[in-house]
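Going down the list, the sequences are from chains X and V.
Residue numbering for the first sequence follows numbering that gives the first Met the number 0, beginning at 0 and increasing consecutively.
Residue numbering for the second sequence follows numbering that gives the first Met the number 0, beginning at 0 and increasing consecutively.
Rather than coming from a laboratory, the hints here were simulated on the basis of the structure.
Since we're looking at a predicted model, the values are computed, not measured.
Possibly wrong hints are sitting among the right ones.
[As the list claims (entries may be wrong)] Only part of the chain V face toward chain X is listed, based on derived beta-carbon distances under 7 Å:
(1) LYS149
(2) GLU231
(3) SER232
(4) GLU378
(5) PRO382
(6) SER395
(7) PHE399
(8) ALA463
(9) ASN465
[Unchecked claim] If you want the footprint, here are the derived chain X segments under chain V, 3+ residues with CB under 8 Å:
(10) 61-75
(11) 241-250
Using N, Cα and C, we set each Cβ at its ideal position, and we do this for glycine too.
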Amino acid sequence: MSIEPIETARSPFAEAFEMFRKNHAAVAGLVLLFLIVLGGLLGPGIYPGDPFEMVWAPFTPPGEEGYLLGTDYLGRDLLSMLIYGARVSIAIGLAAAFLTVFIGITVGALAGFYGGLIEEILMRITEFFQVLPTLLFSMVIVALFGASLPMITLAIGLVSWPAVARITRSEFLRIRELEYVTAARACGVSNWKLMFKVILPNALPPIIVQAALMVGSAILFEAGLSFLGLTDPNIVSWGQIIGSNRPYILDASYTVTIPGVAIFLTVLAISLVGDGLNDALNPKLRQR
Amino acid sequence: MRHFFKTLTLATALVSAVASVSVAADEPKKGGTLTMALQQTPRHLNPAVQSGTATGQPGTQLFASLLRYDHGWTPQPYLAESWNVSDDGLTVTVNLVKGATFHDGKPITSEDVAFSIDTVKANHPFKSMFAPVQSVETPDANTAVIKLSKPHPALLLAMSSQLLSIIPKHVYGDGQDPKKHPQNSENVVGSGPFKLVEFKRDQHVILERYDGFFMKGRPHLDKIVMRIIKDESARTIALESGELLVSGFEQNPRDLNRMKKNANLDVNNSGYAAIGPVNWVAFNTKDGKTSDVKVRQAIAYAIDRNFILKALMLGTIGASKTGIHPGSPFYNDGVEAYDLDLEKANKLLDDAGYKKGGDGMRFKLSIDYGWPAMKPFAEYVKPALKKIGIDVTVRSSADFPTWAKRISTHDFEMTMDNVFNWGDPVIGVHRTYNSKNIKKGVIWSNTQQYSNARVDELMDLAGATNDLEERKKYYAEMQVILAEELPLYPLFPSPYHTVSNKKVMNAPNSIWGTSSPLDNVWLK
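Construct the complete structure from the given sequences, taking the supplied hints into account.
Set out below in structure tokens:
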């Protein structure tokens, strides 16, 4: 008679990692994302070139004259713009996601923890931002304060935080009633510590998922604004390449398609990773 | 065989001649709606107090002027039945058409003409148009006598198209500021062939036939819908699909080449010589680094005009070395052209005391642009000037008025600009350089804040004589000085074209392009 070995208890993160690892789509997304980020970080080293420099005749099709992806309407090398743009696009995505999460967590945590009048006020503000048409609102911000990179990022962050705030609040509402919170409160832990040391870590999983997806949607959002012409001509982002080549879409569609594909792949990768995280971090979904 | 071909050619010529005769013999058909494009939202619709073709295209339908011009620079009677310039050039007598009425039915009299000239003189940004006008006398309802302080060679051109809209004294003479008059945008009481139905900002201007128009049998069209379409590709597609029938001032080389291949479209550039659009990089000559003439010259040497002409304009247009349109009799081709010379540019900057820093850069500058078509040129300047160590920031404006405000309040270092000659240098050229025309808040005044006593003097001399040869001499010298001091660096004239559907008969081809009355246009 053999004795079944007792399964050793694993940390929740190891468990989540295991779940994630089994999700092939998510792993594929992660690999793709890794490659894209690596390309953005190391690309300029491997393929040096000023993305603003006019290297050859405008609208040289991909592959001709040694320019793998061709040149745009000013004769700038699309490949070097694409590599350079990867950093900017991903930076916009990360910065906007960070801003979203920062505002969202602050508002959601305060509302969920304190309840009462504070919650009323904060949630009405959240709803106010939620009912504004996001694209229109961000266009107004950018049009009023100028199409600079920080302003575009700020605009995306400002229109996107309500979702995070609502998730955070609902998690806080649930967790604050749990025994260990009551116990911590009984031990005299300060409100501040209760909020950010006791409750927040336990509320994080859905917020992480939301933040990951936010990076992708921020990149898309920036491309959307650029397409509408609200773009900073002093930077190169994927959206900006699309936006400024848009007038030539009928003659040289590759100038728009190539950065479009880059955005598509990146957002796809981020979505796959986000979904994988969602499955891995949400215990209710693990039985699937 | 050769004989056969000759006969064939002759036959073809004959057939086409007959065909064209039969087309010409076609009676204009009444009715129909002409859809047309405007590229910008006009500030308002009263050209008497607002320049620019966004206002001019609907404005010339709403308001008649005294004269009109055909495509050969010959003045034609319009609201003025006849006119006479005295031998000393100091008195111009205008006889008005009898029975002409405004859109509210009230008669158009010489009082209105005098009032219009006064209003334009006081409010229109082109101060030089009527500056020599001392008084307008009105001996009777149909005669206006314009008294001048000196011969004024530009007067007849200034009395045509959108430059002198005849506006009703009983509406605009109510004491309100004519620039902000509520009836500039709604309930417009005009004198032209069409009256206003609706003006919706960023959407459209809808006009309909004024049945009481003073030219019998005109206009032919029932209605003109001017749709405000800012996007070039959208206009191209709308023209190709027949959704739009006419669009003036089209200048995107790629779209033009594409539309030229379309059998349903007529693409032609006749008619823009008088508009005289010249593109340039303007400098703020008073503040900042660009106040140094060496910096301006260095920038000119670093900008490769030939690259712009070949790569961006696809050879659709040649260079313009000065601010006077190359098609003008006053254009001086002999001035310094500032062909690409990076060595010279670097040396000029070194001499000016701007040494290169450790990163190879000297200083920062910004360049503005006012509308999308100008963006590629501004973007081009950035890498071009990086080569001589100037770090250029391209500053975009949310819309045209934002840009206009920045430039006209002198809040800029460099800007791409496109300024029109408006027929005679007195009207469209002097304003850019005249030191008396530095007017805060007025776009296309001397926003460069350039000031040179000799240039002022030369313009005064050239503007006070009707002697063509003498004027040529003055303008030639002026262009040499301007090329030396470079308040702006001229690049090329805009390749303006009118694109019209072949259904449109008598598509506008006068020297004012589509900024002219469309009363003679009809649809087949």
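Verification of the supplied hints:
1. For LYS149 (chain V), the shortest C-beta to C-beta distance to chain X is roughly 47 Å, which exceeds 7 Å, and the interface hint is violated.
2. Taking 7 Å as the C-beta contact cut-off toward chain X, the hint placing GLU231 (chain V) at the interface holds, the least distance being around 6 Å.
3. A hinted interface residue such as SER232 (chain V) counts as satisfied when its beta carbon comes closer than 7 Å to some beta carbon of chain X; here the least separation is about 6 Å, so the hint holds.
4. A least Cβ separation of about 6 Å between GLU378 (chain V) and chain X falls short of the 7 Å threshold, and the interface hint therefore holds.
5. Hint on PRO382 (chain V) holds. Least Cβ distance to chain X is approximately 5 Å, under the 7 Å limit.
6. Nearest Cβ of chain X to the Cβ of SER395 (chain V): about 5 Å, under the 7 Å cut. The hint holds.
7. Against a cut-off of 7 Å between C-beta atoms, the interface hint on PHE399 (chain V) is violated, since the closest Cβ of chain X lies about 13 Å away.
8. With 7 Å as the threshold, the beta carbon of ALA463 (chain V) stays out of range of chain X, its nearest partner Cβ sitting at about 45 Å, so the hint is violated.
9. Annotation: interface hint on ASN465 (chain V) violated; nearest CB of chain X at approximately 45 Å, more than 7 Å.
10. Counting residues of the stretch 61-75 of chain X whose beta-carbon sits less than 8 Å from any beta-carbon of chain V gives 4, enough to reach three: the coverage restraint holds.
11. Coverage of the stretch 241-250 of chain X by chain V holds. Counting CB-CB distances below 8 Å, 7 residues qualify, and the rule asks for three or more.
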